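> The primary structure of each chain is shown beneath.
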Amino acid sequence: MRDGLVRVAAAVIILVSASLLVTSSTGAAQYFPVPLAESGVLIFLAEMLISAFLIYMGFKYRNTLAVILVAVQATLLVYYEAVFAGGMHEPPSLFIDQFSLIMALIIGIIGTLIGVYALGYMKTYHDQHPAVKDRQKMFFFVVFLFLSAMFGLVFSDSLLWVFFFWEITTLCSFLLIGYSGTAESIKNAFLALNMNLAGGIAFAVAILYLSVISPDGTYMSIRALLDSNQAFVLVPAVLLSFAGITKAALMPFSSWLVGAMVAPTPVSALLHSSTMVKAGVYIIVRFSPVLSGSIEGLIIALIGGFTFLLASAIAISQRNAKKVLAYSTIANLGLIVACAGVGTYKLVWAAILLILFHAIAKSLLFLCVGTVEQRIGSKDIEDMSGLIVRLPKVAVMMFIGIAGMFLAPFGMLISKYVALEAFVEAQFGLIFVAILAFGGSITVFFWSKWMGKIISVDPTVSELKDSVHKEMLMILTVLTGLTVLVTLLFPVISASLIEPFVLQVYGHSTGLSQDNLTIMVMMLFLLMIMPLSMLWYGRDQKTVPAYMGGRPATAGLAFAGSMGVQRQTSLINYYFVDLFGERRLLMAGTALCFGLVLLAGILAVGVVL
Amino acid sequence: MISLTSAILYLVLAPFIGGLVYGIDRKITARMQGRVGPPVLQPFYDLAKLFQKEKVVVTPSQNFYVLGYLVFILVSGSLFFAGGDMLLVIFAFTLAHIFLVLGAYSSFSPYSFVGAERELVQIIAYEPMIILSAVGMYLVTKSFFVSDIVALQAPLILYLPGVFLGFLMVLTIKLRKSPYDLSTSHHAHQELVKGVTTDFSGPALARIELAHWYETVFLLGFIYLFFAWSLPIAILAIIVTFLLEILIDNTFARMKWQFTLKSSWLIAAMLGLVNLGILYYLGNGGIS
Chain A
36 MRDGLVRVAA
46 AVIILVSASL
56 LVTSSTGAAQ
66 YFPVPLAESG
76 VLIFLAEMLI
86 SAFLIYMGFK
96 YRNTLAVILV
106 AVQATLLVYY
116 EAVFAGGMHE
126 PPSLFIDQFS
136 LIMALIIGII
146 GTLIGVYALG
156 YMKTYHDQHP
166 AVKDRQKMFF
176 FVVFLFLSAM
186 FGLVFSDSLL
196 WVFFFWEITT
206 LCSFLLIGYS
216 GTAESIKNAF
226 LALNMNLAGG
236 IAFAVAILYL
246 SVISPDGTYM
256 SIRALLDSNQ
266 AFVLVPAVLL
276 SFAGITKAAL
286 MPFSSWLVGA
296 MVAPTPVSAL
306 LHSSTMVKAG
316 VYIIVRFSPV
326 LSGSIEGLII
336 ALIGGFTFLL
346 ASAIAISQRN
356 AKKVLAYSTI
366 ANLGLIVACA
376 GVGTYKLVWA
386 AILLILFHAI
396 AKSLLFLCVG
406 TVEQRIGSKD
416 IEDMSGLIVR
426 LPKVAVMMFI
436 GIAGMFLAPF
446 GMLISKYVAL
456 EAFVEAQFGL
466 IFVAILAFGG
476 SITVFFWSKW
486 MGKIISVDPT
496 VSELKDSVHK
506 EMLMILTVLT
516 GLTVLVTLLF
526 PVISASLIEP
536 FVLQVYGHST
546 GLSQDNLTIM
556 VMMLFLLMIM
566 PLSMLWYGRD
576 QKTVPAYMGG
586 RPATAGLAFA
596 GSMGVQRQTS
606 LINYYFVDLF
616 GERRLLMAGT
626 ALCFGLVLLA
636 GILAVGVVL
Chain B
1058 MISLTSAILY
1068 LVLAPFIGGL
1078 VYGIDRKITA
1088 RMQGRVGPPV
1098 LQPFYDLAKL
1108 FQKEKVVVTP
1118 SQNFYVLGYL
1128 VFILVSGSLF
1138 FAGGDMLLVI
1148 FAFTLAHIFL
1158 VLGAYSSFSP
1168 YSFVGAEREL
1178 VQIIAYEPMI
1188 ILSAVGMYLV
1198 TKSFFVSDIV
1208 ALQAPLILYL
1218 PGVFLGFLMV
1228 LTIKLRKSPY
1238 DLSTSHHAHQ
1248 ELVKGVTTDF
1258 SGPALARIEL
1268 AHWYETVFLL
1278 GFIYLFFAWS
1288 LPIAILAIIV
1298 TFLLEILIDN
1308 TFARMKWQFT
1318 LKSSWLIAAM
1328 LGLVNLGILY
1338 YLGNGGIS
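From first to last, the protein sequence lines are chains A and B.
Note that the numbering used here gives residue 49 to position 14 of the first sequence, counting from 1, and the numbers run on in steps of one.
Note that the numbering used here gives residue 1335 to position 278 of the second sequence, counting from 1, and the numbers run on in steps of one.
Derived by calculation from the structure, the hints in this document are not laboratory data.
Note that the structure is predicted; figures quoted are calculated from it, not measured.
Among the clues, some could well be false.
In the BS3-like style, the derived pairs of lysine-lysine whose C-alpha atoms are separated by at most 30 Å in a straight line are [to be verified]: (1) B:Lys1199 <-> A:Lys484; (2) B:Lys1319 <-> A:Lys577; (3) B:Lys1112 <-> A:Lys577; (4) A:Lys428 <-> B:Lys1112; (5) A:Lys577 <-> B:Lys1106.
Only chain A is shown next, with the shape it has when bound in the complex:
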């Protein structure tokens, strides 16, 4: 019953999202006023309910900070409702433009695919974790609530509405991270909650500030804010960017996303690809025209840039596959924010490309790791040695997913390349060029060694038969297909969705030169046909054991050591903990980015005064 419902709902959402593409892909943003007069009151009541629930949870688990933060936020909202809400004249409206459409496609297609995958995953999860209480009803309800809130967030023009959906995503992530109910998961759920509530308070302050500026609610709409060329708009833009930074888990708030890894893997996939963190970067990219060229925008971009560099470096020292993925997400979000903060039209183009490609490749990778974890009982990369022999299909898909994250000519690399070209021309761009040059090569290291681990052909292991649930495998296949397909269709996607959006907002647009597009497509085809070469290496070759320095060795790599002792060899990747250790770099990043956040705050206060 539940399975059927989830599948049907997923199919409907995917169809509707895809049909949006057909009905509204061209032209300017379309606005749809919402005639419901009571919507404001209803939203206020819902927000109060959420606050009450969170305060209850805060008391229940004795988390004072959460209670205080919710109380502050609720007070701000009550104050707004009492003083300003009556003065609002214009009805809030929904809108759709190409950027919302891209976000909707990511949420609608990738989000629901993850939901369907979770059906199989959660059954096995509960079989493997008998201690965890089965709350799947709540789980799937929250997953779909999460997706709905994301749709609301990207389609709302009124900041009040955006805020409402924003808070729902905070609530959903809190519930999902704490799903297993263990002490650790509760602790991390509250960590995520508290950091996001801090962002939510900044959001609420932005709303109050705008109400003071114009009590009739003119500036409560995103359109009005972006259209007005007033200096004060920078203040809400900075506040919203702060909220975005907390939600997108940039430094100094990165720890919540790493902590969120305790949740079941589909939740991580959801948080990283199509919900939560994408909401954070969405709002910053939306306000990028306001930030562009300002010193505050530059500071926000720097926070993104340092996050990219340091999070990539930390990923080198991680063995846990989910943590590597988490740090790589944090890094990429940092890069997106760096693009949006500097905010030239080329960089915004690059930022949207990054959002799109990251969502696809990262969801694929998380689901692969989840599948492998359930099959081999570990998420340690060292335990994935020889995966190509044990779980060939999943290993190949994981391989493509990783390639999608950092190799030419796949999407993420195209986006980084575009960003590099755009930074060269931007003001202060050299800092970011340097960050990209070093950070980009760092990512090569941690992805490649992971790839190397899974493709090493271990002669001592054999294939696990009947291993992966059919439906899960199908979802993985679809996502793998999407990774390749979107790279192939990249010129079309860019020309029909991203370029028109950038053109509308900035008056200029950009694209890659025809030569480069041709070359990339040719490279991709080359990569796709190259596996066929395996057919050509035939019977005339002899297979021998690996070279072991002349010492007699067994297939399992045991040396004949001195004194007749057999010594087992084990192959373990480099992790460079002394150079790229998590603790030290995280401390540096937190301090640096916290300083930058403060600086942006002080500058914004300067604008107010």
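Since the structure of chain A is already known, use the hints to place chain B on it.
Showing chain B alone in chain A's frame:
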């Protein structure tokens, strides 16, 4: 903008030039060490012999990765000589080396494995500097296309002295010369045996060697860009550079990977970034 003819010329001629360069290299190295050395054509004999050897593999899949290495070296080199986008060239070049590394990983053996890890360290050591070189050329010529950079009538080297020195440093890594020949080298049986190439033999090893020749010609072409305004000076510069690399190779002992990584990043940051900073300052009429 993209010229097919020069790409084809590269594909045909590069192996001969590359082999010859290494023949001369071996001769000069031998003279520096007071030996006579093999004939100049020795690398060609070696390669021909490798191709005739029995096909022996540890795992069949390694053939695929070796082919990937060769193919993408060819792609990046021909794209470069055709006048294509420098950043794409660099990315294809990286992709090629990832294939080599994966080939070493695929054999699941200790020597290859350590070689692969070290090769990766080398990749992250040299890549920032190569990207910064391309950016430096962009700042002078306002284009990432090799065809536009070659067409510059002014001496690029005068604008990019720091970048050029930084590039020389990573060239030592790329040509697999001491003190940075960490992952594999032509010289003595070392602690790593032959690093990344340990478990390749016969035709597969021949393909790797061939790819390395192509790669060398591409890298020498990169030096050419700095002196492109005058052909004789450019050729002289390439010769001097290569002789310098041979000298360095024969006078330094191998260093640890930590030193490779730190020194190359430091050089990239100091020489490369400072050079770019100055250009950036001049090019944008001052940073406001």
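> Regarding the pair B:Lys1199 and A:Lys484, is the alpha-carbon distance no greater than 30 Å?
Since the Cα atoms of B:Lys1199 and A:Lys484 sit roughly 36 Å apart, the hinted pair is violated (cutoff 30 Å).
> Are B:Lys1112 and A:Lys577 close enough, with their CA atoms no more than 30 Å apart?
Roughly 6 Å separates the two Cα atoms, so the pair holds.
> For the pair supplied as a hint, B:Lys1319 and A:Lys577, is the alpha-carbon distance within the 30 Å limit?
Distance ~42 Å between B:Lys1319 and A:Lys577 Cα, so the pair is violated.
> Next pair to validate is A:Lys577 with B:Lys1106; report whether the Cα-Cα distance is within 30 Å.
Holds: A:Lys577 and B:Lys1106 sit about 18 Å apart, inside 30 Å.
> CA of A:Lys428 to CA of B:Lys1112, is that 30 Å or under?
Holds, because 28 Å separates the two Cα atoms, which is no more than 30 Å.
Hint violations for this structure: numbers 1, 2, all remaining hints satisfied.
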